[in-house]
Amino acid sequence: KYNGVGRFVAVSYADTKAMWSLDGINWNLQELPNNNWQGVAYAGDRWIAVSDNSSPRSTVSINGGESWSSLNIQINSWAACAGGLDDSDGWVVVAVSADSKVAYLKGAFTSWSDYSATGVWRDVCFGNQKFVAVGDNRVIIIKNGGESYDTGTIPSGIWEGVAYGDGKFVAVGQESNVGRIAVSYDNGSNWQLVTVLPSGLTNLYSITYGQGKFVALGFNDVAIYSYDGITWEYSNIPTPVGAEMTGVTYG
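Just so you know, the sequence shown maps onto residues 4 to 254 in this note's numbering.
Do not take every clue at face value.
Computed spacing ranges between beta-carbons, pair by pair [as the list claims (entries may be wrong)]:
id	residue 1	residue 2	range
1	57	121	21 to 27 Å
2	252	57	20 to 26 Å
3	228	181	16 to 22 Å
4	113	25	26 to 32 Å
DSSO-like cross-link-like pairs, simulated, lysine-lysine; straight-line CA separation at most 30 Å [claimed, not checked]:
id	residue 1	residue 2
5	171	216
6	216	146
7	171	109
8	146	109
9	20	109
10	171	146
I should point out that these hints are in silico values taken from the structure, not numbers from a laboratory. Glycine included, each C-beta is placed from N, C-alpha and C at the ideal position.
Produce the entire structure from the sequences given, and follow the hints as far as they go.
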């Protein structure tokens, strides 16, 4: 929220633009310090974005996306970020990179701290007081306000997205261009592959949870949904939307 009012904030990969909206319908355009923004996270009274290229690779807005300033972070290929309200540390933002780095931001939110975590990390989410990050054949559970992590066990695959809902984490991705979904019931430590999926399912890129269901998007105009993370059905969407739908969220 900004001045007590919630708002939507979006960032662009292709150019130096951000947008903010009070209703998700009417949007206002703002300038960012550079381009190649991969994701944006909310942290109580500010929005923080990360980039995989150019400089700076992180930026912060404390006025609802209306202006942005640089935020110090290591020069890595940052792939995603997520915010969460930690019981001990307050608001925390965690970012993961495609080149084996994890970074966290909390407290005064003036500078990122980072450490190595081997892997090509592609997404991160917050749930049940933990951040869970997924990537190529790997998963980690980030704890202690972002300061440390444990390694989980996940089936092989290029895991592109992860979401938390209804007491479980669900990851989506692909292996050999065939869609894959895995579910964890123990905070990301152990995962089971969903073995029965809709026919012809290809690469999945993003997942979210809302209104009591998981919704995932992917290649070839694919949208699927599930109430439990195990049984999935195709959604009804207008076609053609485009070859790849790479992001979905609920709010």
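Quiz item: Are the Cα atoms of residue 171 and residue 109 separated by 30 Å or less?
Solution: Roughly 25 Å between the alpha carbons, so the hint for residue 171 and residue 109 holds.
Exercise. Would you check the hint for residue 216 and residue 146, treating anything up to 30 Å between C-alpha atoms as holding?
Key: holds (26 Å)
Exercise. Decide if the proposed pair is consistent with the structure: residue 171 and residue 146, CA atoms, cutoff 30 Å inclusive.
Key: Holds - the C-alpha atoms of residue 146 and residue 171 are around 16 Å apart, at most 30 Å.
Quiz item: So does residue 252 sit 20 to 26 Å from residue 57, Cβ to Cβ?
Solution: holds (24 Å)
Self-check item: 30 Å limit on alpha-carbon distance, applied to hinted pair residue 20 and residue 109
Solution: holds (25 Å)
Quiz item: Is 21 to 27 Å right for how far apart the beta carbons of residue 57 and residue 121 are?
Solution: holds (25 Å)
Quiz item: Regarding residue 228 and residue 181, is the given constraint of 16 to 22 Å on their beta-carbon distance met?
Solution: holds (19 Å)
Quiz item: Does residue 171 pair with residue 216 here, judged by a C-alpha cut-off of 30 Å?
Solution: Holds - the C-alpha atoms of residue 216 and residue 171 are around 12 Å apart, at most 30 Å.
Practice problem: Determine whether the Cβ-Cβ distance between residue 113 and residue 25 falls within the hinted range of 26 to 32 Å. | Solution: holds (28 Å)
Quiz item: When you check the alpha-carbon spacing of residue 146 and residue 109, does it fall within 30 Å?
Solution: Holds: residue 146 and residue 109 sit about 13 Å apart, inside 30 Å.
Every hint from the earlier list agrees with this structure, and none is contradicted.
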